[in-house]
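Engineer: Each chain, letter by letter, is given below.
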Amino acid sequence: MFDLAIFGQHLLNGVLIGCAYALIAIGLTMIFGVMNIANFAHGEFYMLGGFAAFYLVSLLKLNYFIALPVAVLLVLALAVAIQQAIFKRLRDAPVMTTTLVTIGLSILLEHVALLLWGPQPQVVPTPFPTRPLSFFGIYTTPLYLFSMAVTAALIVVGHVLIQRTRMGKAMRATFQNREAAALVGVRIDRVYLYAFAFGAALAAAAGAVLGGFIPVEPTMGGIATLKAFVVVILGGMGSFVGAIVGGLLLGLAEALGAGYFSSGWKDAIGFVAVILLLLFRPDGLFKRA
Amino acid sequence: MKLKFCVVAVAFALAHTAAAQETVKIGVVQPLTGPVAYDGNIYVNTVKMLVDDMNARGGVLGKKIELVVEDGACNPAQSVNAAEKLATRDKVVALLGAFCSTSSAAMMEVARKHKIPHLTGISTAAQLTEQNNPYFFRAVATTPMLGAAFGGELPAAVKGKRFAFLVINDDWGRSMVSSYPKPIERAGGQIVGTEFFQSSELQFLSYITKIKAANPDAIILAANTQHAVALSKQIRELGIAAPLIGEGSWTSDSYLKLAGPAAEGVYGLVEYVYTIRNPINDAFVKMSRDKLKDNPSKFAGAAHNGIHIMVDAIRRARAADPEKIRAALTTTDYNGLVGNIRFNEKNQAYGQDVYLALVKNGVPEVVRTARIAKP
Numbered sequence: 001m002f003d004l005a006i007f008g009q010h011l012l013n014g015v016l017i018g019c020a021y022a023l024i025a026i027g028l029t030m031i032f033g034v035m036n037i038a039n040f041a042h043g044e045f046y047m048l049g050g051f052a053a054f055y056l057v058s059l060l061k062l063n064y065f066i067a068l069p070v071a072v073l074l075v076l077a078l079a080v081a082i083q084q085a086i087f088k089r090l091r092d093a094p095v096m097t098t099t100l101v102t103i104g105l106s107i108l109l110e111h112v113a114l115l116l117w118g119p120q121p122q123v124v125p126t127p128f129p130t131r132p133l134s135f136f137g138i139y140t141t142p143l144y145l146f147s148m149a150v151t152a153a154l155i156v157v158g159h160v161l162i163q164r165t166r167m168g169k170a171m172r173a174t175f176q177n178r179e180a181a182a183l184v185g186v187r188i189d190r191v192y193l194y195a196f197a198f199g200a201a202l203a204a205a206a207g208a209v210l211g212g213f214i215p216v217e218p219t220m221g222g223i224a225t226l227k228a229f230v231v232v233i234l235g236g237m238g239s240f241v242g243a244i245v246g247g248l249l250l251g252l253a254e255a256l257g258a259g260y261f262s263s264g265w266k267d268a269i270g271f272v273a274v275i276l277l278l279l280f281r282p283d284g285l286f287k288r289a
Numbered sequence: 001m002k003l004k005f006c007v008v009a010v011a012f013a014l015a016h017t018a019a020a021q022e023t024v025k026i027g028v029v030q031p032l033t034g035p036v037a038y039d040g041n042i043y044v045n046t047v048k049m050l051v052d053d054m055n056a057r058g059g060v061l062g063k064k065i066e067l068v069v070e071d072g073a074c075n076p077a078q079s080v081n082a083a084e085k086l087a088t089r090d091k092v093v094a095l096l097g098a099f100c101s102t103s104s105a106a107m108m109e110v111a112r113k114h115k116i117p118h119l120t121g122i123s124t125a126a127q128l129t130e131q132n133n134p135y136f137f138r139a140v141a142t143t144p145m146l147g148a149a150f151g152g153e154l155p156a157a158v159k160g161k162r163f164a165f166l167v168i169n170d171d172w173g174r175s176m177v178s179s180y181p182k183p184i185e186r187a188g189g190q191i192v193g194t195e196f197f198q199s200s201e202l203q204f205l206s207y208i209t210k211i212k213a214a215n216p217d218a219i220i221l222a223a224n225t226q227h228a229v230a231l232s233k234q235i236r237e238l239g240i241a242a243p244l245i246g247e248g249s250w251t252s253d254s255y256l257k258l259a260g261p262a263a264e265g266v267y268g269l270v271e272y273v274y275t276i277r278n279p280i281n282d283a284f285v286k287m288s289r290d291k292l293k294d295n296p297s298k299f300a301g302a303a304h305n306g307i308h309i310m311v312d313a314i315r316r317a318r319a320a321d322p323e324k325i326r327a328a329l330t331t332t333d334y335n336g337l338v339g340n341i342r343f344n345e346k347n348q349a350y351g352q353d354v355y356l357a358l359v360k361n362g363v364p365e366v367v368r369t370a371r372i373a374k375p
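Chains as they are written, first to last, in this note's numbering: chain A, 1 to 289; chain B, 1 to 375.
Wrong hints could be hidden among the right ones.
Stated by the list, open to error - Which stretches of chain B does chain A cover? Using the computed rule of at least three CB atoms under 8 Å from a CB of chain A, they are:
(1) 67-74
(2) 200-207
Claimed, not checked - Quick list of simulated restraints, FRET-style, between CB atoms:
(3) B:Asn132 to A:Lys61: 36 to 42 Å
(4) A:Ser58 to B:Gln131: 17 to 23 Å
(5) B:Lys360 to A:Ala81: 16 to 22 Å
(6) A:Thr97 to B:Ala241: 39 to 45 Å
(7) B:Ala187 to A:Leu60: 48 to 54 Å
(8) A:Pro69 to B:Glu185: 31 to 37 Å
Think of the hints as simulated: they come from the structure by calculation, not from any bench.
Predicted model, so just to flag it, every value in this text is computed and none were measured.
Ideal Cβ placement from N, Cα and C applies to all residues, glycine included.
Extracted from the complex, chain A is given alone in its bound form:
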């Protein structure tokens, strides 16, 4: 018995979560592509975005729509500080060193969050009505639609920034060949700073927006990092378009796989896909752009 409304619901769930995966993964893939850093602390920026939005709205009573960009800016500022204090000094360090540093950073950020804000989950208060909307038996809420719109808009903005601006061009040049880019006058340190801060800001935006229906808690970054790595590997390390398509694919595969196959295998789907891909198409579905 095939129920079209239920199928539509699975599709909608998949796109909603897929957009979020894509948004987090874009930042990760940028940091990897430009800086050659596998950032295991990426999920922590997602977590910090959620907490920042929560405290701005609930404690400082800031308007929700102002709090979201402010939360992202706060995390961006932290990312700038981290880049200047740590990764700038590790510019020529081997990948293993930077990877270990990001793992340490991830543990540090998670536990500082735990100390500062405690383990209790928080939900970012939103001005949206909680009553679900229904279209032909498919249910959603204004918040879900808003989240989808924001994540999709940010993905487009990110794409335009990379493809159309001078800094985007400099990033792409650095990605292709760092030495050559430096030779023609690209300021590598600045490119790295922009890539790291922008990547962290996108993850923070995902955390701030999703925090309205997925509770924010200090340990949530770990699984987000893993999922983002799945997406990045699916789409090809360093590929912007790959991260978008990979994110949507993973979201849809999880939703439909859990819906029609077995929900116990939901998390396995992405990782099995990664293993198969690495075996048969190690550059990802999309070769480096």
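Given chain A, work out where chain B should sit, using these hints.
Structural biologist: Then chain B, alone, in the frame of chain A:
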């Protein structure tokens, strides 16, 4: 200079042993970090509050009670290390804790090795009391016992026949799925769907959509605070109006506050809820509101039972001696928060009340009460 240092060191050592003689040390292992840290902290804060109160009234055996708290993180290895440290370095005479059943299962072997009585008030996996471990006691009904007490009442309580499970994928969730269906089916209900979620998840849309396709009259859940908040919000957001029946944190203040309107009409299947009326609970609720600024949750209730049963046993043992305390625990006949508690030959508690509470206007009201039969 060196001599002076030695004198100071010796003085400290003497002071330390003197202090050690004056207190009765009880070790607590609870998750203070990790996925269930929130509820673990509630347990610890409540035990601390109650011990302060007991000490203000003179402690036990004329000595002060000293709590030594360690983080087990709901992780078996870390819980074992914590218990080892408490047994060997701190020389505690009794152990309370480990939240998650897998951690308690690991920790009780440490208790057996060092011959220290170990009491849990939270871990409900049935097999824990089947290990022939004379040092391990459980002061809470297991999921099968709760299922036996309440499963048959659910169809009438929610006026429905079709039930679906959406439970956490661990011992607890799985034992729920294996123990509730029989009494439900005997009472005329049927099970139309079963889904397990992972503890690392907070986004359940695909599970919920799948359950929605089965069109249940009520959904039975096993979840603690952070999962419960996300589950109830997301279930309502996908347009399911069926009542939710949950084991876990479904009536705790933190859940009610965080879930807001999504908590309305939720049934909690609980070992303790703060709205029960008896003098012991009235005093407990007042103290919690004064000191912890919160109504006690079921984990606070577990803490109340645990520390009182243990201190009662120490008092009856007439000595801070682990072996004597263990013997005293077996003859426990404690009248407390949720009625009378005794232990059977497997050291499993029985005789206490359990509650089905319905959330109305943010307050869990007891709609049915059942008594746990001797297993």
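Engineer: A separate judgement is required for each hint: does it hold in the structure or not?
Structural biologist: For each hint, the structure was consulted:
1. Residues of the segment 67-74 of chain B with a Cβ under 8 Å from some Cβ of chain A number 0, which does not satisfy the need for three, so the listed coverage is violated.
2. Judged by the Cβ-Cβ criterion of 8 Å, the segment 200-207 of chain B is covered by chain A as claimed, because 7 of its residues qualify and three suffice.
3. Our hint of 36 to 42 Å for asparagine 132 of chain B and lysine 61 of chain A is violated, since their Cβ atoms are close to 58 Å apart.
4. Hint check: serine 58 of chain A to glutamine 131 of chain B, Cβ distance near 46 Å, so the stated range 17 to 23 Å is violated.
5. A C-beta distance of roughly 49 Å is found between lysine 360 of chain B and alanine 81 of chain A, which places it outside the suggested range of 16 to 22 Å.
6. Checking the proposed 39 to 45 Å range against threonine 97 of chain A and alanine 241 of chain B shows it is violated: the Cβ atoms sit about 55 Å from each other.
7. A beta carbon spacing of about 51 Å between alanine 187 of chain B and leucine 60 of chain A agrees with the range 48 to 54 Å that was offered as a hint.
8. Between proline 69 of chain A and glutamate 185 of chain B the Cβ separation comes to about 54 Å, which falls outside the hinted range of 31 to 37 Å.
Of the numbered hints given earlier, the model fails hints 1, 3, 4, 5, 6 and 8; all others are met.
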